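The chain contents come next:
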Amino acid sequence: MSLSVPYPAEFARQLLLDMLRIRYLEERAAELYGEGKIRGFLHLYIGQEAIAVGVLHALASDDAVVATYREHGHALLKGVPMRAIVAEMYGCREGCSRGRGGSMHLFDAKTRFFGGNAIVGGSLPLAVGLALAERMRDGKRLTACFFGEGALAEGAAAESLNLAALWRLPVLFCCENNLYAMGTSLARSQAQTDLCAKVHAFKVPARSVDGMDVVAVHEATRAALGQMQAGCGPCFLEFRTYRFRARSMADPEPCRDKAEVEAWKKRGPIHTYGAQLEAQGLLDEAGRRALEAEAAAEVEAAVAFAEAGSLEPVEDLLRDVYASDWTQ
Amino acid sequence: MSLSVPYPAEFARQLLLDMLRIRYLEERAAELYGEGKIRGFLHLYIGQEAIAVGVLHALASDDAVVATYREHGHALLKGVPMRAIVAEMYGCREGCSRGRGGSMHLFDAKTRFFGGNAIVGGSLPLAVGLALAERMRDGKRLTACFFGEGALAEGAAAESLNLAALWRLPVLFCCENNLYAMGTSLARSQAQTDLCAKVHAFKVPARSVDGMDVVAVHEATRAALGQMQAGCGPCFLEFRTYRFRARSMADPEPCRDKAEVEAWKKRGPIHTYGAQLEAQGLLDEAGRRALEAEAAAEVEAAVAFAEAGSLEPVEDLLRDVYASDWTQ
Amino acid sequence: MSRVSYREALRQGLREALCRDPQVFLMGEDVGRYGGIHAVSRGLLEEFGERRIRDTPLSELSFVAAGIGAALGGMRPIVEVMTANFSLLALDPLMNTAATLRHMSGGQFSVPLVLRIATGAGRQLAAQHSHSLEGWYAHIPGLKILVPATLEDARGMLWPALQDPDPVLIFEHGALYDLEGELDERAVVDIHSARVRRVGSDLTLVAYGGTLGKALAAAERLAGEGISAEVLDLRVLHPLDDAAIMASVCKTRRLLVVDEGWRSGSLAAEIIARVVERDFHELHAPPARVCSLEVPIPYARHLEEAALPQVPGIVAAARGLLS
Amino acid sequence: MSRVSYREALRQGLREALCRDPQVFLMGEDVGRYGGIHAVSRGLLEEFGERRIRDTPLSELSFVAAGIGAALGGMRPIVEVMTANFSLLALDPLMNTAATLRHMSGGQFSVPLVLRIATGAGRQLAAQHSHSLEGWYAHIPGLKILVPATLEDARGMLWPALQDPDPVLIFEHGALYDLEGELDERAVVDIHSARVRRVGSDLTLVAYGGTLGKALAAAERLAGEGISAEVLDLRVLHPLDDAAIMASVCKTRRLLVVDEGWRSGSLAAEIIARVVERDFHELHAPPARVCSLEVPIPYARHLEEAALPQVPGIVAAARGLLS
Ligand SMILES: Cc1ncc(C[n+]2csc(CCOP(=O)(O)OP(=O)(O)O)c2C)c(N)n1
Ligand SMILES: Cc1ncc(C[n+]2csc(CCOP(=O)(O)OP(=O)(O)O)c2C)c(N)n1
Ligand SMILES: [Mg+2]
Ligand SMILES: [Mg+2]
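Chains as they are written, first to last, in our numbering: chain X, 17 to 344; chain C, 17 to 344; chain V, 82 to 404; chain H, 82 to 404.
If you're looking for bench data, these hints aren't it; they were derived computationally from the structure.
As the structure is a computational prediction, the values presented were derived from the model and not from experiment.
A couple of the hints might just be wrong.
Have a look at the derived ranges for each label pair, beta carbon to beta carbon [what the hints assert, rightly or not]:
hint, chain 1, residue 1, chain 2, residue 2, range
1, C, Lys282, H, Asp265, 51 to 57 Å
2, V, His273, H, Asp265, 19 to 25 Å
3, X, Gly247, C, Glu269, 34 to 40 Å
4, V, Pro393, H, Ala328, 30 to 36 Å
5, H, Pro241, X, Arg184, 31 to 37 Å
6, V, Glu261, C, Arg184, 38 to 44 Å
7, V, Asp102, X, Asp210, 48 to 54 Å
8, H, Arg267, V, His365, 48 to 54 Å
9, C, Gly95, V, Pro241, 31 to 37 Å
For each residue, glycine too, the CB sits at the ideal point set by N, CA and C.
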């Protein structure tokens with residue numbers, strides 16, 4: 017836990033608000049899943065909010081982001097309107113992928129949010145390519161990709177780390193280490209559990225960060241981006257965190273210990289940070305209530321928007337398989 | 017270079033003889049390729065002989081070996097008769113794969129030589145599986161796989177190292193670092209050029225060895241096998257070596273510096289070791305000539321055998337697609 | 082006879098194999114503690130222990146290739162790949178090693194590997210989790226492709242697959258796991274023949290895996306219209322049971338293939354080609370197929386439904402053959 | 082007009098593209114210093130520099146996926162995968178990302194990626210280096226599959242492929258690199274149509290890539306026997322040019338497809354299925370195909386030859402259609 021919050025009040029509160037926005041969005045999404053309004057797979061981010069918030073606030077708005085199937089928070093913080101996210105989960109044409117992608121495939125070209133990737137390990141080489149393009153176009157925009165610790169066992173991850181290091185590409189590899197890949201703990205899936213040591217051996221600078229502390233996340237990301245802007249190539253950040261809910265709404269929770277879950281919940285990024293703000297006098301109870309109300313209102317408006325959404329006409333199903341139309 | 021050869025004369029001479037057998041076999045194969053008797057791809061091992069000889073003499077005869085497309089030496093030392101190797105390159109039914117595999121696909125079930133694998137990186141996970149089977153059957157036999165340094169960039173390599181380390185499987189990973197993958201030097205393909213450092217980060221014990229010194233290779237292998245027999249899981253050996261010929265008989269040599277090639281040739285494993293034996297009095301000139309003659313005779317007999325070989329009848333082409341016959 | 086789900090039938094098959102042969106083991110992502118992403122292997126870790134029910138890291142290429150190695154080494158591995166979508170990561174060892182090894186070694190090596198792979202769409206899992214690739218895999222010589230569509234096959238195909246000295250891929254359709262019915266535990270199951278699931282005389286509906294139920298439902302509706310459809314369950318996609326296909330088509334003289342694969346290059350095309358190559362003049366109508374539209378399967382329910390073969394479309398196509 | 086090899090024609094295409102558009106670059110294993118395993122890119126590093134001619138590590142999955150990313154990021158990457166055999170390692174990003182991204186994002190993203198892949202057998206490279214997979218890839222919606230079989234196409238398909246906003250895979254047959262002939266540099270090349278390479282009236286030989294030359298040779302022999310064969314070069318395997326296929330078959334009323342892919346699930350099956358679905362009663366004989374035998378391609382020359390489509394077999398099959 018950072019000793020004190022080193023930000024002006026407004027920004028400090030914004031971080032809390034954004035974590036609340038993700039949390040409330042997801043809690044509502046879980047309900048909607050229970051009601052059958054959202055279907056397919058729904059991977060919740062609850063417990064990990066500090067990471068998306070801390071990292072995305074450090075990135076510039078035109079930096080590129082590639083995420084995973086657990087990406088509601090990243091999309092939201094990248095600037096995808098919440099209502100377009102909820103509408104997407106509803107399968108509506110007003111969704112950010114026209115309802116074709118669902119929870120796992122949020123996309124938004126405008127904000128350079130490149131998904132939403134449901135293949136474990138898929139985000140890394142895509143980010144390498146985006147960074148390569150930017151370099152070749154003499155651009156200065158950076159690329160960040162997110163993935164879980166489980167993805168580090170995939171060959172794609174090793175290949176991508178090597179490629180980024182070899183070509184000194186400015187990719188920020190953000191590993192959200194929530195200790196489990198589905199039901200398999202890190203220690204049961206990787207011989208090397210010190211992820212930074214593993215990554216470091218690929219010649220990618222790596223640092224481990226408390227992923228439950230939004231300030232630590234933000235500061236570590238800023239430092240890494242600074243290094244990258246100096247032309248040092250990629251950086252890897254391990255964010256130690258925890259999922260508070262089961263892996264996916266479709267799955268049970270057979271593998272994690274209740275006591276472990278409870279211990280981590282005590283370190284929940286929202287209430288600890290909120291308490292810190294209050295202790296530092298950056299927020300009072302009324303202020304906190306106001307933020308909560310703002311987040312809740314945004315969620316309700318987003319749900320109302322999705323409820324009022326429409327379906328893509330079936331006649332359009334074959335559109336966009338290719339750029340030009342194709343009759344089958 | 018080892019200070020002195022620590023072996024009884026007979027074994028010391030056997031090592032030299034085996035290097036000569038590989039060398040002469042390959043020089044003859046290169047000629048036969050030029051004559052069009054051998055076709056397809058022919059990857060020569062000339063310069064790297066100390067590795068196959070040093071490693072294979074340390075393995076027990078029932079240990080399993082998986083190699084690459086540059087595997088003539090490994091097959092020979094594993095015990096595949098030279099005539100069956102040459103006949104295979106001729107495409108004859110008398111070949112160790114009935115002429116179906118050619119140079120890149122030597123196989124021999126009897127000696128537990130599992131190929132001959134023309135997919136870069138393909139040997140590693142296969143070896144992991146063989147070791148797993150052995151462990152599950154409570155056997156004590158070890159598994160060795162060979163591959164080039166280029167293969168370490170493949171995702172398959174990273175995955176296999178992790179799997180072997182995680183499950184503590186007795187796999188000996190033998191990396192023949194000849195500095196180039198086709199025309200690409202290690203430094204231009206991997207950010208981490210210290211291969212042992214890379215592998216070590218996967219929690220696989222790793223050691224770098226002079227691959228031009230058959231004694232060093234043999235001793236390092238014995239030490240590694242000792243560790244593995246003690247149940248410590250896999251080991252990785254990097255053998256620093258060099259190819260004296262172009263990559264494949266089908267390819268030119270556009271990338272390597274002539275001076276570099278010449279400098280390495282000075283360190284050729286056969287003449288340096290031969291000189292050492294002579295210096296130590298383990299071999300005199302007549303003795304050396306005798307070994308050379310023995311190797312040459314074996315090669316000529318093998319070629320004669322292949323020349324007299326027959327072709328698999330075309331009617332048998334569809335045999336062995338499946339175990340039981342299948343009419344198409 | 083007992084009332085079970087397809088998932089439970091699969092689990093019975095696994096339990097029996099693990100009991101019968103100590104060389105059989107199961108490995109894959111989350112097959113152990115988690116019980117398998119489709120809950121097929123739930124309880125097996127407790128019963129058979131960590132040695133034989135092995136959770137793997139997220140490394141599809143290497144644990145499939147390790148399965149090949151373990152098969153070479155004398156074991157009888159059952160490797161679960163969570164879904165066909167991820168199996169693409171393991172195609173290199175499957176096509177380049179498992180499928181080639183016996184032949185290219187001159188018959189020296191067997192790869193008695195069994196792969197279990199969930200396949201198919203229908204659960205709103207969108208483009209990266211909905212491929213139906215079993216028909217596509219049937220292109221690869223050296224592999225055998227099985228598609229259990231009934232409870233008996235779900236339970237019974239595993240054991241003969243394990244007895245087979247060659248690599249066998251068993252594709253379980255994701256929409257079938259919850260299917261319930263009476264399982265005849267004494268059913269003898271082979272892994273080389275197709276099977277007539279409904280006898281008919283006016284046309285042959287060829288189906289497999291996820292489309293068998295739809296074909297049977299369509300046949301039922303057609304019966305209401307006085308059209309007698311025979312339904313042939315392929316069961317084995319490679320090598321195909323030509324004789325069974327020809328026998329049915331020679332009888333009905335009309336062929337409609339129902340295939341969840343994308344149309345171009347579908348297994349349905351192969352079946353049509355085989356029939357017309359041989360029985361061209363015997364047919365009373367052009368052969369036809371109902372396949373998935375050639376589109377990445379979308380999330381939205383109405384779009385996903387429109388992309389996949391459905392009963393009304395099958396009925397309409399069948400009517401078309403008879404008009 | 083100038084006399085060049087297929088390899089040189091490809092190189093010309095590359096040079097022109099690199100000159101015309103600064104966003105075009107080439108990457109792949111050994112495309113730079115080594116000049117490419119097939120010597121196609123020899124000299125380009127010297128001419129265009131390391132920034133645009135990029136040697137990659139041995140990491141097929143990731144450099145193909147990085148190509149997708151680079152295309153998303155505004156570049157026009159040409160990625161060379163040494164051979165189709167190794168492209169299996171990159172199937173996940175190709176099928177799950179490149180092919181799906183436009184559709185599953187609701188049309189927001191284009192992936193203007195061009196892949197160049199050597200394919201095919203015929204050079205005694207044995208089972209792991211001889212796959213002909215272009216017909217198999219043609220199953221995947223979202224990808225376009227090109228097979229240049231002439232010098233004009235070798236040179237000319239690249240530029241329109243780069244202009245295409247969708248991922249395009251160009252399969253170059255390994256046995257064609259040394260093919261020599263006159264290249265018409267002014268030839269205008271499209272990437273959507275099939276092309277009649279020889280006009281005929283008695284039957285249609287459909288071929289592509291590595292089999293075009295064999296089909297033309299067979300047509301020549303057939304002409305000697307008084308049989309007039311039309312030869313249609315598919316050029317584009319996905320999406321197929323149905324109209325051209327139908328036009329030729331409607332004229333000749335007989336169809337023989339020559340395809341180096343393994344028979345079961347071959348593109349040849351797809352073409353036969355399309356024709357009989359529509360034009361069933363118009364045909365004078367059952368459609369037929371000459372494909373590779375379903376066997377891992379062996380090293381020994383006589384066995385390899387026996388496994389692949391050859392001119393005598395094509396001629397015999399054609400005769401069969403007319404008897
Ligand atoms: C290539 C691939 N294999 C398997 C899966 C199924 N799967 C989805 S999420 C997941 C666990 C991933 O764990 P981790 O990378 O730690 O991310 P987390 O879910 O914990 O955020 C698995 C196995 C997949 N989507 N892709
Ligand atoms: C997956 C794969 N990619 C590419 C190739 C083509 N290829 C054959 S050998 C080779 C170089 C391999 O280098 P290295 O691993 O260092 O082994 P070496 O040839 O030096 O012994 C390449 C790229 C292949 N056979 N397999
Ligand atoms: Mg995780
Ligand atoms: Mg090398």
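Each hint, compared with the structure:
1. C:Lys282 - H:Asp265: 51 to 57 Å: 53 Å, holds
2. V:His273 - H:Asp265: 19 to 25 Å: 53 Å, violated
3. X:Gly247 - C:Glu269: 34 to 40 Å: 35 Å, holds
4. V:Pro393 - H:Ala328: 30 to 36 Å: 33 Å, holds
5. H:Pro241 - X:Arg184: 31 to 37 Å: 34 Å, holds
6. V:Glu261 - C:Arg184: 38 to 44 Å: The hinted range 38 to 44 Å holds for glutamate 261 of chain V and arginine 184 of chain C, with Cβ atoms some 42 Å apart.
7. V:Asp102 - X:Asp210: 48 to 54 Å: Given about 39 Å between the Cβ atoms, the range is violated.
8. H:Arg267 - V:His365: 48 to 54 Å: 52 Å, holds
9. C:Gly95 - V:Pro241: 31 to 37 Å: Given about 36 Å between the Cβ atoms, the range holds.
In this structure, the earlier hints numbered 2 and 7 are contradicted, and the remaining ones agree with it.
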